[in-house]
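Visitor: Each chain is listed here by its residues.
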Amino acid sequence: MSGYPDYLIPKQNSKKFTPEKINRSKVGRWHDIKDGGSIFGGDGSINAYLIDYHRFPRFSCNLIPPSNCKDLKIKLLNSDFKKPFTIGTSPPRIVESDFEYDSDREVIEMECGKIQDEKLPYTINNKEYVLTIEVVHSPLIANYSHCEFKLTASHIDKEVEQLSSSRKWQKVLITALRRMIEKYAKKCTDC
Amino acid sequence: MKSLNKKNTESNLNNYLLSRFLNWENTNTPSVRDTLGFIYRDWFNVVGNIDYRYDSPTSKSNEGRSNIQDHLKEIIAQRILLNDFKNELERNKDSLGSSREMYESIFSYFSRAIIPLKPTKIDLKFTPSDSIYLKFLLDNTYYVRIEIFLDDLVSFDENIIEAVLNIDEDGEQIFGTICSLSEVINYLFQEVNLLKLSPFQSLDTSGNYELQSSHATEELDTSA
Chain W
1 MSGYPDYLIP KQNSKKFTPE KINRSKVGRW HDIKDGGSIF GGDGSINAYL
51 IDYHRFPRFS CNLIPPSNCK DLKIKLLNSD FKKPFTIGTS PPRIVESDFE
101 YDSDREVIEM ECGKIQDEKL PYTINNKEYV LTIEVVHSPL IANYSHCEFK
151 LTASHIDKEV EQLSSSRKWQ KVLITALRRM IEKYAKKCTD C
Chain P
1 MKSLNKKNTE SNLNNYLLSR FLNWENTNTP SVRDTLGFIY RDWFNVVGNI
51 DYRYDSPTSK SNEGRSNIQD HLKEIIAQRI LLNDFKNELE RNKDSLGSSR
101 EMYESIFSYF SRAIIPLKPT KIDLKFTPSD SIYLKFLLDN TYYVRIEIFL
151 DDLVSFDENI IEAVLNIDED GEQIFGTICS LSEVINYLFQ EVNLLKLSPF
201 QSLDTSGNYE LQSSHATEEL DTSA
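In order, the protein sequences belong to chains W and P. Numbering of the first sequence is given in the working numbering, commencing with residue 1 and proceeding in unit increments. Numbering of the second sequence is given in the working numbering, commencing with residue 1 and proceeding in unit increments.
Hints were generated in silico from the structure; no laboratory data involved. Be a bit skeptical, because a hint or two may be false.
What the hints assert, rightly or not - Here are a few chain P residues that face chain W, going by a calculated C-beta distance under 8 Å: (1) GLY97; (2) THR127; (3) VAL164; (4) ASN166; (5) GLY171; (6) SER180; (7) SER182.
Glycine included, C-beta positions come from ideal geometry on N, C-alpha and C.
Isolated chain P (complex conformation) (with noise of 0.2 Å):
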């Protein structure tokens, strides 16, 4: 049996992936989340067919198998932030004048910070408040949201910008707080994504933890 190159597998599979993302894109398809069933079933062929051509599956087949699964989310949930921004745009497209550019720099600031995090039932609105709104739900078990009010800003400074933060599990709030952007996305990093999270905890800022910029956000367009 020829051997398979692992590292070329996960490359060659990605842009599959994508490829079928984007195809999809070009469909008229109504919505992102329509396809997430799809998506997955594709994937999961093809790691099938991988597994069958391994014969029996390995530590390491089964590590890059979590590698292309966690990539896969990123993808899927970037587009669909992306989709939802450029839905928001173009509903709000006779209102926004000049906060237009601010709203793209949050929403930039959000594609960089929240994607790593691998959210899913990810939700971003522009509120009749002049505020823009994100919603997203991490490991199946917190559903967070974050709320930034843009009528006293003028500029973007994701350490001066505030936003509101909500952690609910199970329907109750276990953490709300206000904060600047960038205490929040580390609040996440460090707490939630490590599953500890504690009720009302304070915000430790001291800024260890550095955001994984993914590879996956880079080339994000948010033209309208």
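Just chain W, with the same shape it has in the complex (with noise of 0.2 Å):
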């Protein structure tokens, strides 16, 4: 097994992404396969009813560059890497014992200027909303690369703190995002 990646190790005068290069760049997110099978579909679809809606609004993943879709099946085993990375800090040391490559995982990635450009619209009690999203910079203790979805719906008019099936709309937004995933995600063709 190679080291951790180096890139992937955020640096104490490390800054945050710019909105330009996020939306310049690729977003990677991986899928394991024990989930419900493969998250391809057999005519190069993308079978998105595979991914847990739990995953929204934030959708962790990584932006493609720095990170590629390899770095997307490392499996972290301590989990205090997983913990936001606050800048200025002092960056971590990663052993091997700390993590290993999952070959379970599929990874997909989607361009982040495709999907912030997208309003994905939805429909409550017969009027009209849109839903969309942003690529926003959330660095991990291990994850330098790491970005997450911030979701805006019109409907409310402030940002989706958070996605379960108990109400109607949010329903609603579960699905409009697994169409959106459909629509825009690729196989990654580097790992």
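Got two chains here, each in a separate frame; can you build the complex from them with the hints?
Guide: Below, the structure is given as structure tokens:
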């Protein structure tokens, strides 16, 4: 096993990614084939229904570059490394026993520019609304490239803090997000 | 030339095709979808023979052919849906628990309601989010997605169960809403089936459209 990728470890003087850089990049997300099977349909489609809605609204992902698809197969064994990184603090030291590569993970990627431009339509009580996505940099202690979705739903005109299936409009948003992933996600070709 | 009784011919054809289909299901072929081309080839061969025996196709024989084709589409859709459902029951047998009855009720409803629309490219899945997801193509144009979240349901009632309905055309969403399962089906029959789809059109929940139960779906065996 090779060492932990250096570019994933935040530096003390690391800065947050600018919106412009994010917009030019892709985001990658892993799926474990043990969770319902392969996310890749036989005809090149994406089986987005396999994405557990509990992954939303933040939809944790890696910015590519600096990360790459292979990084998304890294499974951190020390949960402390999954905590948010505070810019300006000392970087962690990660040894080989802190992580492993998980071969059951499949990786999809999406172009940030496309998903940030997309206005996902949804209807509640016969009124039309749109859901928008912003990809924001949210570095973790052992993953500088980590990003999250920030969703804004027009019917509440603010960020969606959580999504569950217990509220009608949240069910609609869950399916809108899955549909967006079906539309834009592609199989990562690098890993 | 011995005249053919149209009704009997259709009945024989249907029996023949159904038996071919069921025979095929007993073989080791991995997927129902793999046989679609085969089944259609069979069908065209049979219909071709009928046309030959009639010597010249008449409007009557064309009508009969159309009826057979519609029925065949329903049979195929039914078998794919049933096959998917059985696969999903098997795949989730350790986690379904008491939800199984609910899944079966929803599947039964889907079968009765969706099959008469003659969907193609059917895909039915149980998601990791405790929901049942059905995707299919109508008229080779409209991708329909229906998802039902089961976590707060205690009994099956198509007028109470909420379903999220999304319809895409050429990769663009042209309709998306949440309503009761019966409203979803009414909508599909009123709008999609009549090809009068309007973006984000309000649902007409007056219930003017009665669902047509397909005789092909009445004998569904939902046991795993």
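Visitor: Taking the hints in turn, state whether each one holds.
Guide: Here is what the structure says about each hint:
Hint on P:GLY97 is violated. Least Cβ distance to chain W is approximately 17 Å, over the 8 Å limit. Among the interface hints, the one on P:THR127 holds; its C-beta lies about 5 Å from the nearest C-beta in chain W, closer than the 8 Å criterion. Given the 8 Å rule on beta carbons, the hint for P:VAL164 holds: about 4 Å separates it from the nearest Cβ of chain W. Look at P:ASN166: its Cβ gets to within about 6 Å of chain W, closer than 8 Å, so that hint holds up.
Interface restraint check for P:GLY171: the shortest CB-CB distance to chain W comes to about 6 Å, inside 8 Å, so the restraint holds. For P:SER180, the interface hint is violated, the least distance from its beta-carbon to any beta-carbon of chain W being 11 Å, above 8 Å. The restraint placing P:SER182 at the interface with chain W is violated, with a minimum CB-CB distance near 16 Å, outside the 8 Å limit.
Of the hints listed earlier, those the structure fails to meet are numbers 1, 6, 7, in rising order.
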